[in-house]
Amino acid sequence: MTTNTPSRANRNKKTNKQAPKKPKTKKKRSAGTIIFRIFASLFILGMLLFLGGVGLFWYYAKDAPKIDETSLESAISSTLLASNGESYAELGTERRETITPQEVPQLLEDAIVSVEDKRFYKHIGIDPIRIIGSAVSNLKSDTTQGGSTLTQQLIKLSFFSTKASDQTLKRKAQEAWMAIQLEKQKSKQEILTYYINKVYMSNGISGMETASQAYFGKSLSELNLAQTALIAGMPQAPETYDPYKNPDLAKERRDIVLYTMKENKKITDAEYKAAIDTPITDGLIEFTNSVQNWVKYDGYVNEVIQQVKELTGKNVYTDGLEVYTNLDLDAQNRLYDIVNTANYVAYPDSEMQVAATLMDAKTGKVTAQIGGRNIDASVVLGNNLAVNTSRDFGSTMKPITDYGPAFEYLKDSTGARIEDEPYTYPGTNIQVNNWDMKYMGNISLRTALSQSRNVPAVKLLDEVGVEKSQAFLKSLGIEYANMEISNAISSNTTQEGTKYGASSEKMAAAYSAFANGGTYYKPMYISKIVYQDGSYDEFNPDGTKAMEAGTAYMVTDVLKDVITQGTGTNAQISGLIQAGKTGTSNYSDADMATLGNLDNISPDVTFAGYTPDYSLAVWTGYNDHMTPVTELSNMVASDVYRELMQYVTRNSTVTDWEMPNDLIKVGNELYWKDTYVAPTVESSVVPSSSSVSVPSSSSTVESITSETSTTQSIPESTTTPESSTTPSSTTPSESTPESSTTPSSDPPTSSSTPPDQGNNQGNGNNAEGTEQDQT
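Following this note's numbering, the numbering of the sequence shown begins with 26 at its first residue and continues without gaps.
Just so you know, the hints here were simulated from the structure itself, not pulled from any lab data.
Where hints are given, some of them may not hold.
What the hints assert, rightly or not - With a cut-off of at most 25 Å between alpha-carbon atoms, the simulated DSS-like pairs for lysine-lysine come out as follows: (1) Lys143 <-> Lys290; (2) Lys143 <-> Lys197; (3) Lys209 <-> Lys147; (4) Lys334 <-> Lys270; (5) Lys493 <-> Lys547.
Generate the whole structure from the sequences, applying the supplied hints.
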C-alpha cells in the first residue's frame with residue numbers, strides 16, 4: 026500500500042523556502058560616548074597643533090640673535106653716506122642721558138607699568154593672559170592692541186626692526202624666546218631701566234631722561250604727575266604724541282596713562298582729576314636740539330629721514346641703518362658757502378632767506394639742497410624752506426602752467442601768434458596787466474614767454490583749460506586742490522588752507538622734465554639702504570612720461586632765449602648751454618598800503634633753470650612775508666643759481682639739446698611735423714592749430730631744417746612789428762625797467778586786482794607784481 030510519508034532523505038532535505046530572519050537592532054551610543062570622542066579628537070588635534078607649534082617655535086627661535094649688553098644699553102644709530110661713500114651724519118647717538126635702576130622715580134615706574142604692562146612683575150617675559158586678552162579685544166573692536174610685554178618691547182627695540190611689516194611669525198617667536206632668556210639674566214628693575222633709557226622720544230631724542238631734560242629742562246625725578254604721564258605715554262607713537270607738534274593728541278595719550286594709573290590704584294581720584302586738568306604745555310620749555318656737526322646738510326638730512334620712512338617705514342634713529350644718499354658733498358659745500366658767506370653773492374642783510382634744490386635732470390637724484398640761510402646750529406631739522414610750498418613762485422610757473430600745456434594739447438608752435446592787448450580775466454571786468462603796463466600787440470609765443478608777458482599767459486591758460494593744465498602740472502609732481510585762471514601767472518591760490526603747490530624741490534623736478542626730453546622723476550634723496558641683518562634695498566625708480574619730447578624741446582628752446590636775451594640775462598654763464606625762467610610774486614593792495622606803496626618790491630623772487638645734466642631752482646625772500654625784496658636785491662635768486670650752476674658744470678662738455686623727430690624748424694621757429702602746413706603763395710600764412718594767428722611767410726618762414734634751434738631773436742611780421750611796442754633791443758632788468766618804457770611814476774593800480782586773488786594779486790593784479798618779469 027502506498028503512503029505519502031516522505032522518506033528520511035526527503036525529510037532531511039532543505040527546502041528553498043527560508044523562515045523570515047529576525048531584524049538586527051543597531052546598538053545606540055550614549056551621548057557621553059559621543060562627547061568623549063569629540064573631545065578626544067580635539068585633544069589629539071590640539072596636541073598635534075601644539076607639537077607642531079612648538080616645533081615651529083624652536084625652528085624659528087634657534088636663529089634668534091644673541092643677547093648682548095651693548096645692544097641693550099645703546100640706541101642703535103644710523104649712518105648717512107654721500108654719493109662718494111663718505112659718511113656725513115650719524116643719527117640716534119646725540120643728546121642721550123641715562124639713569125641707573127636706583128634713579129628710576131617710583132612715579133615713572135608706576136606710569137609705565139600701568140599703561141604698558143600691568144602684569145610686568147608677574148610674567149616670565151611673555152604674558153599668555155595679556156596675549157589672549159589682546160586677541161579678544163581685537164576681535165571685539167576695530168582697534169588693534171598688542172600683546173607684547175615691556176621685556177618683549179625692549180628686545181624689539183634692541184635687536185629688531187620696528188617696521189610693522191617685519192612683525193612676522195618668525196620675528197615674534199624670536200622676540201618671545203629672547204624675552205624669556207632676558208628675564209633669566211636680568212632683574213625686573215634692570216629691564217625697566219634699559220627700556221627707559223632706550224625708547225625713542227621724537228625729535229631725534231632717545232631715552233626718557235634725555236626727553237625730560239630737553240622738554241622740561243629738568244630730571245625725571247623733578248617732574249610732576251602730569252609731566253611724568255606725558256613722558257611715559259610717548260614711546261607708543263613718539264611723533265604722534267609730541268607735545269610740540271600735536272598737543273591735543275599728546276594730552277589724549279597722557280590722560281590715558283593717568284587713567285590706567287588710577288585703575289591700577291597708583292594714584293587717587295583727586296590726583297587723577299588734578300592731573301588731567303593740567304595743560305599739556307605745563308612746564309614745557311622752548312625746544313632746541315644739541316649742536317650737530319652736519320648743519321651744512323640740515324635740510325637734506327631732514328628729507329632723507331622722511332623718505333626712508335616713506336619708502337621703508339623704518340626709523341633712522343632706532344633701526345641702525347646705513348643710508349646711502351645722492352648727496353654730492355662738493356656741490357653741497359659750495360651751495361652752503363654761496364648762501365652763507367659774502368664770497369659769492371651780495372646779500373642785503375642777514376635775514377634774507379634762500380632755498381635751493383639741485384637735481385640730476387636725467388635721474389631725479391637730489392644732489393644738493395639748502396633749506397635756509399644763516400641757520401642756527403642749535404636748531405637742526407627745522408623748517409626746510411626748499412620743500413616748503415607756502416610761498417609764491419610767480420612767473421617760473423608759466424612754462425609748466427601755460428606754454429607747456431599749449432604746446433602739448435593745442436599743438437601750438439613757438440611761432441604761433443597771439444595778441445598782447447588790453448584784456449580782462451574771462452567772465453569778469455578785471456583787467457590783466459603786464460609788468461610794464463604796456464602791450465606789445467601781435468607777437469609770437471616765443472616772445473610772449475621770453476619776455477614774460479602776463480596777458481598772453483592768461484589767454485593761453487583760458488584756451489587750454491584749467492583741467493588740462495592741472496593734469497599737466499600733476500604729471501610734473503605739482504598739484505592744486507583748486508586751480509584758478511589767475512594761476513596762469515602765479516602759483517598763488519586763494520582757497521583757504523590750500524598751499525601754493527610749488528617749492529624749489531618741486532620746480533627743480535618739473536624743469537628736469539624739460540631738460541631730459543619729457544620724463545618726470547620724483548625727487549630721490551636715497552639710493553640704497555643696508556639693514557642690520559646685511560640685507561639691503563636699492564632705489565632707482567623709473568621715470569614717467571609727462572609730455573611729448575617735442576613739447577619739452579620747444580619750451581627749452583624758448584627758455585634759452587630767456588637767458589640770452591630775455592628776463593634772465595643775469596644767469597648767463599659763458600659757454601654753457603642752459604635754459605631758465607625768472608619769477609616774482611606780488612603784494613596785495615592792502616599789503617602795499619601797509620608798506621607805503623613802494624615801487625619794485627616783492628615778497629618772493631625766484632629763478633629756475635637747467636642744462637642737459639642739471640636742474641636748479643632757487644627761491645629768495647624773508648620768513649616774514651611783509652619784509653619785501655627790493656630792487657637792490659631782486660637778483661639774488663639768479664645770482665645763487667649762476668654761482669652754483671657754474672661750479673657744478675665747470676668740467677662739463679655737454680652739447681646742445683637735439684631736436685626730436687616730431688618737430689620741424691622753419692626759420693627760427695619750431696612746429697609740430699604732423700600738423701605743419703607750408704604756406705602757399707596765395708595765402709602767405711603759416712597755419713596754426715590753435716586760435717592764435719601766425720606770422721606771415723615773408724618774415725618768418727624760411728627753409729625747413731632739422732638743425733638745432735638757435736637763440737637768436739625772432740623776426741616779426743612786417744605788418745605787426747613787435748619792435749613798435751617792445752622795449753629797446755637791450756632787454757631791461759626785471760627789477761629795474763628802463764624809464765623810456767616803464768617809467769617808475771606809472772605803477773600798476775589797485776583797480777586791476779584779479780578775481781579771487783586775495784592778498785597776492787594787488788598792485789596791478791599781475792603775479793609778477795613789480796618784477797615784475799622785467800628782467
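Status of each hint after checking the structure:
1. Restraint check for lysine 143 and lysine 290: satisfied, since their Cα atoms lie roughly 11 Å apart, inside the 25 Å limit.
2. For the given pair, lysine 143 sits about 21 Å from lysine 197 by alpha-carbon distance, which is consistent with the 25 Å threshold.
3. A C-alpha spacing of about 13 Å is found between lysine 209 and lysine 147, which places the hinted pair at or below 25 Å, so the restraint holds.
4. For the proposed pair lysine 334 and lysine 270, the alpha carbon gap of about 18 Å is at most 25 Å, so the pair holds.
5. Restraint check: the Cα-Cα separation between lysine 493 and lysine 547 comes to about 21 Å, which is no more than 25 Å; the hinted pair holds.
In this structure, none of the earlier numbered hints is contradicted; all agree with it.
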